[in-house]
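With the sequences and hints as input, model every part of the structure.
There are 2 protein chains.
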Amino acid sequence: MSQYVFGVDIGGTTVKLGFFNVEGELLDKWEIPTRTEEEGSHILPDIAASIQKKIEEKQITPEIIAGVGVGAPGPVDSEGVIHKAVNLGWGTFSIKKTLEEIVHMPVMAGNDANVAALGEMWRGGGQGSNDLIVVTLGTGVGGGIIVGGKVLTGATGAGGEIGHIHVEDNETEACGCGNKGCLEQFTSATGITRLANRKLKTSDKDSVLRGGEITAKTVFDAVKAKDELAMEVAEEFGRYLGNGLASIACVVNPEAIVIGGGVSKAGEVLIDYIKPYYEKNVFHGSRNVKFALATLGNDAGIYGAAKLVLDTE
Amino acid sequence: MSQYVFGVDIGGTTVKLGFFNVEGELLDKWEIPTRTEEEGSHILPDIAASIQKKIEEKQITPEIIAGVGVGAPGPVDSEGVIHKAVNLGWGTFSIKKTLEEIVHMPVMAGNDANVAALGEMWRGGGQGSNDLIVVTLGTGVGGGIIVGGKVLTGATGAGGEIGHIHVEDNETEACGCGNKGCLEQFTSATGITRLANRKLKTSDKDSVLRGGEITAKTVFDAVKAKDELAMEVAEEFGRYLGNGLASIACVVNPEAIVIGGGVSKAGEVLIDYIKPYYEKNVFHGSRNVKFALATLGNDAGIYGAAKLVLDTE
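Protein chains in written order, with our numbering: chain F, 1 to 313; chain H, 1001 to 1313.
By construction, these hints were calculated from the structure, which means they are not laboratory data.
Just so we're clear, the structure is a prediction, and the values are computed from it rather than from any experiment.
C-beta: ideal position from N, C-alpha, C; glycine also.
Treat the hints loosely; a few may be bogus.
Stated by the list, open to error - SDA-like cross-link-like pairs, simulated, lysine to any residue; straight-line CA separation at most 20 Å:
#1 H/LYS1201 with H/THR1156
#2 F/LYS58 with F/THR36
#3 F/LYS217 with F/THR156
#4 H/LYS1280 with F/LYS280
#5 H/LYS1180 with F/GLU279
#6 F/LYS280 with H/LYS1201
To be verified - If you want the footprint, here are the derived chain H segments under chain F, 3+ residues with CB under 8 Å:
#7 1154–1161
#8 1283–1294
As the list claims (entries may be wrong) - Only part of the chain F face toward chain H is listed, based on derived beta-carbon distances under 7 Å:
#9 ILE165
#10 ALA246
#11 ILE248
#12 GLU255
What follows is the structure in structure tokens.
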């Protein structure tokens, strides 16, 4: 019977790896560089070699390992096929089959943000809920939808692209995805900075933000210090995200909503700004939803990747 | 081995019943009145008696019947428990258990709109797709989300409430659900009428709609006759629905979108107005989606209810 499982989270510069027991305890974690040269052809062999080394180091036999779960930065369908990962130099191929051939263990793969959502469900801020929206507020806005304990992958692996729901008809600048008016443009770290810079230009209110560095962190620090202009920015942020999450909740009827990513370090104050708009505009059947902050930080991906494998056991 | 299955669609005034073979052919259909008096306590016994009569009439043995599927107008969770159906006088109880005790066959239950979506996937406009958004434009806007061939029920049975996603911050009138700015307020039959009446007041354009009866049908008839004012109304309708569907598609990444309900009788012209906004604002990973009209009409519910049972076999 399986006793251990590996979880792997492939990023643009480093690959995070975790060694877990099947109860979900993280026993060891480490990183290797992501070698994106030669169309990223070294990445999976490097991962396989690193896992092999760890197995030898731990002096365990492969028979008691459930397999290797992988999160990758691109759309991954339910068969484990990635449909392009620009950051890694990857085209379209089966992560599952390719890695299984070198690592000689069962492999499961998913989109990194979706897999991280699964991690938060399993051992993080969403523990105890099987129906979950996880939204990750970082440089961009990512996310994952968990339905009945499973990741909503979608027809081509593009499920849970929460950051790109359309929330503003009047936006003139383009989002990274090419569209205009995406949630990400107003609620990512970059989006919050943008909102603050716009507000500083159009308002003549005094503010601790004037003349200083404008980041999501300085904005929410100013909010905590009751800076009025910063609070107006937070209000706009909360309106976009609260209304956006309300629309998503009408569709998926979650039990809980988990907020993660770098911006979530601001803490509970985020939820204070999001929740009133959520509750105002969500369908009554989804009104009593638990809001929580993510707790696994950058480890969410390796947890979720490990869980992907255990779910198929 | 099972050869037949019953599908039941409970409405506020009539209950529709269908008798199918397991391949999904509708062999017989009929209706009985919905007796909502005495807190709707006669409804399930009436259904059981009607099915019993049909079994005798067809001279078949209960052993070759897979069971009875039921769609009901309220949130039904994945255990078959309905959480209030105001139209029927029902509180919270298990449709599954209650009906199984009188009908002595396996029973499955779901929300009527969700179940109708499953019907369209199985034998209607969504045939061949396992990941589907079905939106029903009737008096209100209902819908269902199909993920990997299964209905997205949600934590408390309120999944797929597409009509209540928030699409307009500036709406001052309330939706039937109590919120303001729901998709239903602009894209249901009533919503289209509302848009047209507003447009007639604010525009001084000549129109065949002036002085006549304003309904979704007369509006789209005028659109087909190239009436400019009606075309402006259709444009607004298309913007709300296209953008709304784009947001939903970012979340669920469907293979196809099926448009049903009374309004869909207007035909392909609806899709002509919806699709440009959808494609403009959807995440690129969900751009190449098939749009189709629903084909089962009022029978979608009994088809989907039958399918609910067959899926558990």
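For each hint, the structure was consulted:
With a C-alpha separation of about 42 Å, the suggested pairing of H/LYS1201 with H/THR1156 is violated against the 20 Å cut-off. For the given pair, F/LYS58 sits about 29 Å from F/THR36 by alpha-carbon distance, which is inconsistent with the 20 Å threshold. The suggested pairing of F/LYS217 with F/THR156 is violated, with an alpha-carbon distance near 35 Å, which exceeds 20 Å. Annotation: proposed proximity of H/LYS1280 to F/LYS280 is violated, straight-line Cα distance about 28 Å (limit 20 Å).
The hinted pair formed by H/LYS1180 and F/GLU279 meets the criterion: a straight-line CA distance of about 12 Å does not exceed 20 Å. Between F/LYS280 and H/LYS1201 the alpha-carbon distance is near 30 Å, which puts this suggested pair outside the 20 Å criterion. For the region 1154–1161 of chain H, the stated coverage by chain F holds: 8 residues have a C-beta nearer than 8 Å to a C-beta of that chain, and at least 3 were required. Counting residues of the region 1283–1294 of chain H whose CB falls under 8 Å from any CB of chain F gives 4; the rule of at least 3 is met.
Because the beta carbon of F/ILE165 sits about 4 Å from the nearest beta carbon in chain H, less than 7 Å, this interface hint is met. Of the supplied interface hints, the one on F/ALA246 holds, with its beta-carbon coming within about 6 Å of a beta-carbon of chain H, less than 7 Å. Satisfaction of the interface hint for F/ILE248 is found here, the shortest Cβ-Cβ separation to chain H being roughly 5 Å, below the 7 Å cut-off. Look at F/GLU255: its Cβ gets to within about 4 Å of chain H, closer than 7 Å, so that hint holds up.
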